[in-house]
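Q: Protein sequences appear in the order of chains A and B. According to my numbering, the residues represented by the first sequence are 1 to 260, in order. According to my numbering, the residues represented by the second sequence are 1 to 260, in order.
One or more hints might be untrue.
Computed list of chain A residues with no C-beta within reach of chain B, every gap over 12 Å [stated by the list, open to error]: (1) Asn77; (2) Gly84; (3) Gln98; (4) Leu104; (5) Arg119; (6) Thr120; (7) Ile121; (8) Asp163; (9) Gly184; (10) Val196; (11) Gln219.
In silico DSSO-like links for lysine-lysine, alpha-carbon gap of 30 Å or less [unchecked claim]: (12) A:Lys172 / A:Lys85; (13) B:Lys103 / A:Lys204; (14) A:Lys172 / A:Lys44; (15) B:Lys85 / A:Lys68; (16) A:Lys204 / B:Lys85; (17) B:Lys68 / B:Lys44; (18) B:Lys68 / A:Lys85; (19) B:Lys204 / B:Lys103; (20) B:Lys172 / B:Lys204; (21) B:Lys44 / B:Lys172; (22) B:Lys44 / B:Lys85; (23) A:Lys103 / B:Lys204; (24) A:Lys172 / A:Lys204; (25) A:Lys103 / B:Lys85; (26) A:Lys68 / A:Lys44; (27) B:Lys44 / B:Lys103; (28) A:Lys103 / A:Lys172; (29) B:Lys172 / A:Lys68.
None of these hints come from the bench; they were simulated from the model. It should be emphasised that the depicted structure is a prediction, and the values quoted were computed from it without experimental measurement. Glycine included, every Cβ here is placed at the ideal spot set by N, Cα and C.
Next come the chains, spelled out residue by residue.
Protein chains: 2
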Amino acid sequence: MSSLPHSADTSATAATAAATPAFSPLYQQIKGLILQGLQQGEWKPGEAIPSEVELAARFRVSQGTVRKAIDELAAENLLVRRQGKGTFVATHAEQQVQYRFLKLRPDMGDARTEGPAQRTILDCRRTRASAEVARALALRSGDAVVQARRILSFAGTPTILEDIWLPGQAFKGLTAEQLASYQGPTYAMLELEFGVRMVRAEEKIRAVLPDAEQAELLQVSTGTPLLSVERISYTYNDLPMELRRGLYRTDTHHYHNTLS
Amino acid sequence: MSSLPHSADTSATAATAAATPAFSPLYQQIKGLILQGLQQGEWKPGEAIPSEVELAARFRVSQGTVRKAIDELAAENLLVRRQGKGTFVATHAEQQVQYRFLKLRPDMGDARTEGPAQRTILDCRRTRASAEVARALALRSGDAVVQARRILSFAGTPTILEDIWLPGQAFKGLTAEQLASYQGPTYAMLELEFGVRMVRAEEKIRAVLPDAEQAELLQVSTGTPLLSVERISYTYNDLPMELRRGLYRTDTHHYHNTLS
DNA sequence: GAGTGGTCTAGACCACGCG
DNA sequence: GCGTGGTCTAGACCACTCA
Chain A
1 MSSLPHSADT
11 SATAATAAAT
21 PAFSPLYQQI
31 KGLILQGLQQ
41 GEWKPGEAIP
51 SEVELAARFR
61 VSQGTVRKAI
71 DELAAENLLV
81 RRQGKGTFVA
91 THAEQQVQYR
101 FLKLRPDMGD
111 ARTEGPAQRT
121 ILDCRRTRAS
131 AEVARALALR
141 SGDAVVQARR
151 ILSFAGTPTI
161 LEDIWLPGQA
171 FKGLTAEQLA
181 SYQGPTYAML
191 ELEFGVRMVR
201 AEEKIRAVLP
211 DAEQAELLQV
221 STGTPLLSVE
231 RISYTYNDLP
241 MELRRGLYRT
251 DTHHYHNTLS
Chain B
1 MSSLPHSADT
11 SATAATAAAT
21 PAFSPLYQQI
31 KGLILQGLQQ
41 GEWKPGEAIP
51 SEVELAARFR
61 VSQGTVRKAI
71 DELAAENLLV
81 RRQGKGTFVA
91 THAEQQVQYR
101 FLKLRPDMGD
111 ARTEGPAQRT
121 ILDCRRTRAS
131 AEVARALALR
141 SGDAVVQARR
151 ILSFAGTPTI
161 LEDIWLPGQA
171 FKGLTAEQLA
181 SYQGPTYAML
191 ELEFGVRMVR
201 AEEKIRAVLP
211 DAEQAELLQV
221 STGTPLLSVE
231 RISYTYNDLP
241 MELRRGLYRT
251 DTHHYHNTLS
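Using the sequences plus the hints, can you model the full thing?
A: Rendered as structure tokens:
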């Protein structure tokens, strides 16, 4: 390694290379190398990566170039810089912002003073992917998946009903106990227990009415409109690793979003 | 001007300055100065700002420092860099991404192949702010506001019903004709006609049932769940300049969001 | 005080757009 | 061919953390 040519080099994988000159700046290549280290678990969530000067020496580039690569990874929430201490692999645990992917907020009050939600696991079993689930997770119909259903309650009020599907291969041995007992975000548990870090997610939101079962679980009438939130979460290589379908009560909470 | 001390200087406004040392890097001060130019209309939306070397000379700093300031403003979507051409003031018009703040997408099909929405203005009048509207727009109850109601239809299907409130002072003379006749995003029209640029917005989303009037306007039954989207849009100084309450049909569309 | 990230500079060269 | 933004370097110094 460490023979980084300063010329553009797009020999990343087997050549599907078309006629694109594909100039790629050095710092992008460095970024790719760091990303590779993250994917391969060279540095684990919460740990520090080598210092800028160290990486600069390893890759035979200037510190400024490493800096720009890290800047972008930090902007994408893959790394976290802490002045005087170092640069750390981002994690869903011990992050000041708990529940990074949950955009539901209480209508009043100081955001998260309400404390963490109470979780009730209703179901957790291994099964086979339906066509729909398979498509979302880039699997084949019939592939093994872990399916779970749970309720999140705030101040004793059931507020979120979630169905979760995870690819069975990556999450062998996931149990209802693990889902129930872990304190903190589920994504943190998946990092710790299975080494799978969710990096990004996409949500599709609709307004729906619950069926009888859903209504009962959320303790609302079947005429109560609810938010349907379908989330697909991705790990490092835009690889989908979770399908989650949530029903949110919005009588005391709302989905908050910032546009810019 | 142009006496930029290299030492930290937080004398921005009247001193509420507490005991904070408040070190402020040079590039942040430059960023503030550029922002000031944007607010004061020194460069208008769509226009180019001076080149990096020119700004560096004006502010007596190195090009790299100006660069970092511009980088941040570009990341905040206030400026747009175009290699070989210059750096431009961002605008809601002529931006490849029309409807930057509208997150509703058709369930199938190529995103915006459906073309722009048909607009129907139902109402547009000057009135006085209710307590609620006043709070959202940082006005006093009874202050003048412009209120409008309109319907957006896609492929002939009424899909969005919007009520819009704008501070009357900044939008004197806004007419229903202007709202109806302008091709393209309303925000682009507000930029052109009133020099007010919306920079950022916050949305609160709920699931609701329409009342009889709303249902009729959207051609759905009163039992059809709809997305309620309350948006407050801000101009440069985190100054709220628009309150918008939308009802979205989600039978053929969904609200799309990316988490990271 | 040593080590880390953060700022600032000055200069060289490259890619892009346009006349 | 010129001007623009984009990359890369090397070095100095500053702010923060921790032992």
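Q: All hints, please: hold or fail.
A: Tested hints:
no.	hint	result
1	Asn77	violated, 6 Å
2	Gly84	holds, 14 Å
3	Gln98	holds, 14 Å
4	Leu104	violated, 10 Å
5	Arg119	holds, 20 Å
6	Thr120	holds, 22 Å
7	Ile121	holds, 23 Å
8	Asp163	holds, 17 Å
9	Gly184	holds, 18 Å
10	Val196	holds, 16 Å
11	Gln219	holds, 16 Å
12	A:Lys172 / A:Lys85	violated, 36 Å
13	B:Lys103 / A:Lys204	holds, 10 Å
14	A:Lys172 / A:Lys44	holds, 20 Å
15	B:Lys85 / A:Lys68	holds, 23 Å
16	A:Lys204 / B:Lys85	violated, 37 Å
17	B:Lys68 / B:Lys44	holds, 21 Å
18	B:Lys68 / A:Lys85	holds, 23 Å
19	B:Lys204 / B:Lys103	holds, 13 Å
20	B:Lys172 / B:Lys204	holds, 28 Å
21	B:Lys44 / B:Lys172	holds, 20 Å
22	B:Lys44 / B:Lys85	holds, 17 Å
23	A:Lys103 / B:Lys204	holds, 10 Å
24	A:Lys172 / A:Lys204	holds, 28 Å
25	A:Lys103 / B:Lys85	violated, 39 Å
26	A:Lys68 / A:Lys44	holds, 21 Å
27	B:Lys44 / B:Lys103	holds, 26 Å
28	A:Lys103 / A:Lys172	holds, 29 Å
29	B:Lys172 / A:Lys68	violated, 46 Å
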